[in-house]
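Following the hints, complete the assembly by docking chain S onto the known chain U.
One line per chain: the protein sequences are U and S, in this order. Taken in order, the first sequence gives residues 1339 to 1864; the numbers are from my numbering. Taken in order, the second sequence gives residues 8 to 316; the numbers are from my numbering.
Simulated from the structure, these hints should not be mistaken for lab results. Wrong hints could be hidden among the right ones.
[As the list claims (entries may be wrong)] Selected chain S positions facing chain U (Cβ under 7 angstroms, derived; list incomplete):
| hint | residue |
| --- | --- |
| 1 | PHE59 |
| 2 | LEU143 |
| 3 | ASN279 |
| 4 | GLY280 |
Where a beta carbon is used, it is the ideal one built from N, C-alpha and C, also for glycine.
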Amino acid sequence: MKKLLVLVLALCMLLSVMPALSLAEDYAITLRVEMYDRSIAGFNVEDCWQLHYIQENFGDPNGIKVEWVPASRWSEGEVLSRWLQGGTAPDICMTYGTDLLQQYIDQGGVRPLDELLEEYGQDLTDFLGASVLQYGQFDTGSGLQQYYLPARRIIVATQSMYIREDWLEELGMEVPENVEELHDYLLAAKDANLGGERTIPYSSDLYAADPFYGWIYQMDSFIDYDQITEEDWVAYAEMHYLLPGAKEAIRWMNTFYNEGLVTDYFGIGNSEQTDADRVLGLDGFWVGNWDVAWRMEYMYQQELSKNVEGGKWLACDAFKAVDGPTLHETYTAAGQAIFIPATTDDETAIAAIKYLNWMASPEALYALQNGEMGHTYTTVDDNGIPTDLKNIADVEDAYKIHATDGAPICNGYYYGSDELNYAASANGYPGYTEEVAHSLVVSNTGAYEPITFTRTIQSRVDYGTTISSKEGELLVQAVTCAPDAFDTVWDEYVNAILTSGGQQIIDEQREAYAEGAYRGFYPMAD
Amino acid sequence: MKDVRRQKSRLKFLLQDWRLYSMMLIPIVWYLVFCYKPMYGLIIAFQKYNIFGGIAGSDYIGFENFRFVFEMRDFSIALVNTLWLNFLDLIFGFPMPIILAIMLNEMRLIKLKKMSQTMLYLPHFLSWVIIGGMVLEIFSPTTGLINATLLKTGLVSGNVPFLTDGHLWRFTYVLVGVWQSMGWGTILYLAAITGLDMNLFEAAQIDGANKLQQIWHVTLPGIRSTIVVLLIMNIGRMMSIGFDRPYIIGNTLVQDYCDVISTFVYRAGIINGQVARATAIGMFQSVVGLVLITIANTVSRMFDEQGIW
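Just chain U, same shape as in the assembly:
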């Protein structure tokens, strides 16, 4: 009996050790890579086409076992912070939360990449280019170092303004070019009740995470550039509403609101209602991301066409400056951040850079972004660009891919040149290629990149979230107050922002300007 027990136990031990042994024989290194889990039905990030492709084409030839470690896309920040605190983070991590990442860098949790890139990352460095790489460089006291690799963002355009083309025709009006013309259009649309009894000429909804995001075009058109310097431009980065003249854009909104031209639940944050009103054809004008009117996730235009015959959105810029430049802020050329935690050992860190470097090769990137012909697409055009990329839901499970997550170094489809990339991106909106291309042109006119900093702005860390909630208050209070109270309300809430840490942020950003610790440039510099 005893012998039998010993035998069974010995066998058990042998069995449990064997897989480990066999693994160790095949692969010298196991590389763990963070991968967003978007809970897509039928798509298992730990066992999917992209991972198999990587293992076959990169892992096996290099003796590296590649594992993808799922992190929920919607709580990636928390997951990552837990991993880092527990020392269990994957060898390649990625995050959209660059503010938190900067704190991790300051706390010494992120490995500098300069030497690794030089030795093992030539293709990767070339692919990203200096203009993208600079966004991952920070000075923590010993000069600028590359702490993370920003994804290359193919399209940096942010927003467009949308107007109802069919309403303009009905009213016999031209596309408004400035705010006064817009005002006329809004009033006319309201008078004619073009969207029915509940017509909302100017539909607007507060975006609480970044309240002035949807106002940057309008405000920039009203800024008095004679009164500001390059230094001010940097000091007031992300706070353009404090620059001279900017508040006039909001005063216009206040006028619209008091004339009943704006969504009356503005400020409550009822985006479901906004969406419902939009597709029912109640709205006459709104501001949103440059492609959102036609994006498959929202289907605003597609649904509007079903509900309203001839209903059509047209991208425009109704806030052009009357005498002065029209500027459009873009995103930076940097997408999400990819980094290697300090806990990863040297050998694995080399493997990690090799992995990303391999991914930058045209064939690998093409395969990872487009999947396998015959499954995710069936035809390509003369330039080799797939013409019928399927929605992930329509692909067989074994061939499902997620382009941006699987190839995190690139945010947007890459086909070798800007021209091809733009053309390809319009393919993503079947039936609306021209409209989308037009919107991109509108959005890209007068484009400039926002100012960012190469060192931590500590007061941003301390007060940033407070300030952004105060900005929301400033915006909704200033828009919804009585017209003659506008200046008082504006001053009151601006004062609240300045005394809640806003002034410290401005001062510190001004210091950073003096140190030269910033990226970007003043678009009005002579």
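For chain S alone, kept in the frame of chain U given last:
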């Protein structure tokens, strides 16, 4: 000699009912793991916390985190709002379950009583996210149920700003909270009422007491100790406030009324990774809560009521 005997008999009890006592292990372990062990983490409230260094690898900075938080402009607003909303909840929310429990108790049709109870419990199981959606549907301007009805019938000329006027928002907040929790709150009181001696009611009836008098002289005094215990516990919670309810029902227009400590901590501590400061606020809340509950308990004992300890 006597002590030894007592000890022996205690041990005997323990041995005799070891199965029951061992069941107590589960809650004891739960408390140790989830309530006592995490207290060690309070140390980071006094540190410049580095998540990679952990508690051992972070520098001690005294009360710096507390000072920083207390000096923040929003903190005092959040503190005052927390007390305000909790106070309103106490005034309006606390008596409701008692009244409701008595009303349920007086219902004679058992089936109707059971049905009402179930329906009253239901809101308690709804997530605040869902309630938030309902609140928007009901209280929104123009499209909300109430405003749409009022406007259509011509009772009002403009929207009633249930969600956008600070004072009215407080009303909405309390109303929704009372609706959500009053049914569930009746459970303890109903149990206490069920435990009352029926002879007392009969005696009161013979003495000629009507229903209201019976409620006043028999039911209420009978559940007085339950009421007091729950009141003390509620007062102890005056400083802490749930996150979901103010966060979801609130909006930017009434920020100065709906920002409470929990939403403040979320914004100024959690989102931007300032865990040490968030911990400092949490510790402050607990300490004040402890003080409040001690005062309430002492006052209650002074009036010859039972305390909770």
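### Task
May I ask which of the numbered hints given earlier this structure violates, with the numbers listed in increasing order?
none
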